[in-house]
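Protein chains: 2
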Amino acid sequence: MTGVAMNADAKKITLRMIPYGIYVLTVDDGAGNIGAATVNWVTQTAFAPPLLVVGVKADSGAYAVLKTAQRFVLNMLGKEHKGLAFTFFKPAALENGLISGQGFTRGANGAPILDAAIGAVECQVKTIVEQGDHHIVVAEVTEAHLRQPPAGRPDAAILEMKDLGDNVFYGG
Amino acid sequence: MTGVAMNADAKKITLRMIPYGIYVLTVDDGAGNIGAATVNWVTQTAFAPPLLVVGVKADSGAYAVLKTAQRFVLNMLGKEHKGLAFTFFKPAALENGLISGQGFTRGANGAPILDAAIGAVECQVKTIVEQGDHHIVVAEVTEAHLRQPPAGRPDAAILEMKDLGDNVFYGG
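Those protein sequence lines, which keep their order, are chains A and B. Under the working numbering, the first residue of the first sequence carries the number 3, and numbering increases by one thereafter. Under the working numbering, the first residue of the second sequence carries the number 3, and numbering increases by one thereafter.
In case anyone wonders, no lab produced these hints; they're calculated from the structure. Treat each hint with caution, since some may be false.
To be verified - Derived DSS-like pairs (lysine-lysine); straight-line CA-CA distance at most 25 Å: (1) A:84 - A:59; (2) B:81 - A:128; (3) A:128 - B:164; (4) B:69 - A:164; (5) A:84 - B:164; (6) B:59 - B:14; (7) B:69 - A:128; (8) B:92 - A:164; (9) B:92 - A:69; (10) B:69 - B:92; (11) B:14 - A:14; (12) A:59 - B:84; (13) A:81 - B:81; (14) B:164 - B:69; (15) A:81 - B:14; (16) A:14 - B:92.
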């Protein structure tokens, strides 16, 4: 079917039905290059081993560092972190021991864990599928960090795309 | 880090922070084999071409048909379709022109589109990453169908994991 015109409005609206959380992907290649970028195209894909997939913009700075580092941290943002989501839409800078103004510690894999995150998973890249304007990063979860267990469902605690504004979408 | 024990509770809870919609993946290999299964591990991964990833249980009947067919439909369920989500947790059966009791039409790619779905995308498999207990199906969206445009945000119209019950999860 590729190449056949499809219903563009239906494609946009149906793909925007997919709900997304908001995450900051952080990377450090150990050679002085760090990266941090807001991402939302995330899903778990296996229990054993615990795998997840992240769609990462192929021409982004964070992706370039990730390809070298082959490991990263996915920081889960909380409902109170709408501002942080927009902060990490911009290229990240390490200054005075802060990444774009945010304090962090290091995961066992060397990638930054944001102090503000409500949870974080350390990941090891297993496969990258280089198809499309964003590449598909398949990674195994090697460690996890939780600031404190959420009072309700974990998926009610995370910042979601729909929390960013009535007309904010990344997808479609 | 693989092989090093990680914090299992933190892993479970942080991975369950990922929000999910609920979909029925439908397939038909054109040789008499159909499949329909509730899935939730879905994300878009590129705009151009429009790609998405679905994590599909490697030992499921729907996956066996999908591997042969190399194309499928992802049906988006609406808030009113909680019962349908549970219906398609069970193996699907084609009887009297219905799939597990549900009426359907055919997409241009031959896969069933459930009458009850609020939206549906037709997909062509591009790559399958065979890692883990679920495999990673990378597919291009070739057509889209919308029953009617939702009144609000599209991601507010879809049935979500959290709508299925306080203790229902598939992930972690």
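Hints, verified against the model:
no. : hint          : in the structure
1   : A:84 - A:59   : holds (21 Å)
2   : B:81 - A:128  : violated (36 Å)
3   : A:128 - B:164 : violated (30 Å)
4   : B:69 - A:164  : violated (34 Å)
5   : A:84 - B:164  : holds (21 Å)
6   : B:59 - B:14   : holds (19 Å)
7   : B:69 - A:128  : holds (22 Å)
8   : B:92 - A:164  : violated (31 Å)
9   : B:92 - A:69   : violated (40 Å)
10  : B:69 - B:92   : holds (19 Å)
11  : B:14 - A:14   : violated (32 Å)
12  : A:59 - B:84   : violated (34 Å)
13  : A:81 - B:81   : holds (23 Å)
14  : B:164 - B:69  : violated (30 Å)
15  : A:81 - B:14   : holds (20 Å)
16  : A:14 - B:92   : violated (30 Å)
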